[in-house]
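Going down the list, the protein sequences come from chains A and B. Letter by letter, the first sequence follows residues 1 to 578 in our numbering. Letter by letter, the second sequence follows residues 1 to 191 in our numbering.
Nothing false has been slipped in among the hints.
Some chain A residues flagged as far from chain B (calculated, every beta-carbon gap over 12 Å):
1. D292
2. G349
3. D407
4. T464
5. R575
Quick partial rundown of chain A residues pointing at chain B, CB under 10 Å, derived from the structure:
6. Q177
7. G434
8. L436
9. W437
10. L438
11. D443
Below 20 Å or equal to it, Euclidean Cα-Cα: the simulated DMTMM-like pairs (lysine to aspartate or glutamate) are:
12. B:K130 <-> A:E427
13. A:K124 <-> B:E186
14. A:K429 <-> A:D443
Calculated directly from the structure, the hints in this document are not laboratory data. We put the CB at the ideal spot given by N, CA and C, even for glycine.
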Amino acid sequence: MRQSLRTVLMACAAGLVGCMTAPWAAAQQISSYAPVTQQRLENPEAGNWLLYRRTYDGHGFSPLKQINTDNARDLVPVWTFATGVVEGHEAPPMVNNGMMFVTTPGMQVLALDATTGDLIWRYKEKLPADLFQLHPTNRGVAMWGDKLYLATVDAHLIALDAKTGKEVWNTKVGDYQHGEYMTLEPLVVRGKVMVGSSGGEFGVRAYIAAYDADSGKQVWRTYTVPSPEEPGGDSWKSDAWKTGGGSVWITGNYDPKRNLAYWGVGNAAPWPGDLHPGDDLYTSSTIGLNPDTGEIKGHHQYHWNDSWDWDEIRPPVLINMQHNGQTIDALVHPARDGYLWTLQQTDNGIKYISGQPFVYQNAFKSLDPQTGRPTYDPEHKPVSGKEVSFCPSLWGGLDWPSESYSDQTQLLYIPANDNMCGQMLGEKKQLLVGQLWLGADPDSLKLLPRGDHIGELQAWDPATGKRVWTYPFPSQLFASVLTTAGGLVFVGGTNDRMFRAFDAKTGELLWQQKTNSGIVGMPVAYQVGDTEYVAVQSGWGVDAQRIQDSLAKTSMKLDPNAVPQGGVVWVFALRRHR
Amino acid sequence: MGDTSISRRTLLTGCCATPVFARTGAAAADEESAQFELPQTGDQLVEVGHEAEAKPLTPQDLGLQDLLLAWAYDPRNKIVRNGSRLNMLLLMRFEPATLGDAERQLAPEGIVAYSAVCTHQQCWVTDWLKSAQVLQCPCHQSQYDLRHSAKVVGGPAPRSLPALPLNVNNGILDIAGPFTGRVGGEQQQGT
Chain A
1 MRQSLRTVLM ACAAGLVGCM TAPWAAAQQI SSYAPVTQQR LENPEAGNWL
51 LYRRTYDGHG FSPLKQINTD NARDLVPVWT FATGVVEGHE APPMVNNGMM
101 FVTTPGMQVL ALDATTGDLI WRYKEKLPAD LFQLHPTNRG VAMWGDKLYL
151 ATVDAHLIAL DAKTGKEVWN TKVGDYQHGE YMTLEPLVVR GKVMVGSSGG
201 EFGVRAYIAA YDADSGKQVW RTYTVPSPEE PGGDSWKSDA WKTGGGSVWI
251 TGNYDPKRNL AYWGVGNAAP WPGDLHPGDD LYTSSTIGLN PDTGEIKGHH
301 QYHWNDSWDW DEIRPPVLIN MQHNGQTIDA LVHPARDGYL WTLQQTDNGI
351 KYISGQPFVY QNAFKSLDPQ TGRPTYDPEH KPVSGKEVSF CPSLWGGLDW
401 PSESYSDQTQ LLYIPANDNM CGQMLGEKKQ LLVGQLWLGA DPDSLKLLPR
451 GDHIGELQAW DPATGKRVWT YPFPSQLFAS VLTTAGGLVF VGGTNDRMFR
501 AFDAKTGELL WQQKTNSGIV GMPVAYQVGD TEYVAVQSGW GVDAQRIQDS
551 LAKTSMKLDP NAVPQGGVVW VFALRRHR
Chain B
1 MGDTSISRRT LLTGCCATPV FARTGAAAAD EESAQFELPQ TGDQLVEVGH
51 EAEAKPLTPQ DLGLQDLLLA WAYDPRNKIV RNGSRLNMLL LMRFEPATLG
101 DAERQLAPEG IVAYSAVCTH QQCWVTDWLK SAQVLQCPCH QSQYDLRHSA
151 KVVGGPAPRS LPALPLNVNN GILDIAGPFT GRVGGEQQQG T
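Just chain A, with the same shape it has in the complex (with noise of 0.2 Å):
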């Protein structure tokens, strides 16, 4: 399978790819190029970055531990790259053995060496003229044998030779022009790609869909919201489902011991509940199905007739812990809704075992105790013809950024937003195809800050249910977070533009440096040779910007136009290894 360096500089020299220019460094990593197999990504190097959270369980941790809580401080920039690309870089670096894969607004993937930032090739396409962008993003290339695969925002899933850049193939997923989009990074899972439909605010149905990752053709394709001869289509009480959204857009996790796919729904379209009448299934849930088939084996719905655009968008983090003097296989979940909620996976399906608010939330009264099902504060439940306030706001307690669980220190760090309400007039209006389609007047669509500060980077112990330590910002954190057995919790996401370093224990800052722009990409960590490096995207824009400008709108008169865009991928290490 490995393309010897010769071939690959002949190739370069022959114009027949896009590297051109990679320097011998970077040409070695090609011919180094390992393929991605099942038992790599069931079982990846401590120094790859191989999936959306490099594992399948969700954790976002990486067992590298030579940057640690005693030299954090030493950490330095050692390469810089610019994407030339402005809006919100979300992607994490992904890393095979010395080839680094990044994603960028725009439908453009680069393909570097990942210890000198040299460029080895650069995949970029026009975008049709008429496509229209809500969420101008990218958030990674999956891998699977000498491929990528790339997801975009004009509905296409695409496959790329890893070592060269040319698309293999390109197979058409939605329609764009309906209001179907992507934006996720795939989940491979024994060669077949799994991707789902974003489009919510548009009145799309959303869907999951698996490809075979050789040919591109469609596997199956499994439909969030039920029709109603489907199971659960009567949890929908009018033809709401028609457009009901639950839109499907951050990657799934994966639990190869029962062969499920653990996906988060989104929120269901309209807003306002009374817009769509019905508990909705399966949207703001979790569902588990069977990558082979597509067929839905179970679920569980945070909350009922979401009215709040509360997607449950991130899967649930897979964690094995204690509960109840048993070893347990949690799905653990810190939701939009505001609630850290622990469920069970079971041979009969996904079972309740607690719920409760991380952030203040004032739209449940109270949880079923045997079902976790919330009854609602009607005065906090939007709908339509009525101003409604509720906390926390749209964007949730945690919105689409993941949380890291360390295996180290067994605590899940929770990128929060706390004492950020929000308000909206819901209203009915026509749906006009390809036009956003919220159900709120969008004169009244307010945030309602609260307390002294908003963001707080969290670390709870799931086992107990206790927080552990709170590091407050003042305003919006918005990025994913990583862990690593150094000890250290790294996450960006603060309109300062830093990008900072925690020790995992007592959330002591260790260590912080200023970037070009914002981060809200993902942070990760691998290894090449003897050094360990961690690398992040800073690159404002998309839902972290339109906090910042609703809140400029506030009290709190944040300076909408503080924090400037166009991404840059940062790489540190330790001094010494510079």
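Given the coordinates of chain A, assemble chain B onto it according to the supplied hints.
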């Protein structure tokens, strides 16, 4: 709700007095091509969602501060130019005295017409904020002052919405000239 939506297929096939399938191949191709053309001088206007009726809009169809979405309509060949979403137009009526000098020249009876396509990420700009008296893009909250050349007064949009000069001929609104600028956004493609 699904049965109340306006599908793109309806927009594309319901626009014309003579269905495409009834025409010869060449004529059908010409017609499809004409649907994608930007608004032409002399075109009339029809309201989005009412393409099949193809009833040309008149000044009386807009009350003060009414927002109306429209397509250009070729009255001679009975073609609605809705082949591309980039062709969507927005009309609003203001007191003429409140318009800037340049707008007043383009806006008979205070009716202004602009491209409805946001110059940021090409969403349709359709949210009139009464409180601020600006038109806001629902996707990223770019705000435009329609009384003054649709200049950007908030949000990430890099430039104004292009304006479309209007006339009133025989009581019907029609298009007096080309857009004042390029229609569409700033699609970034990487460097």
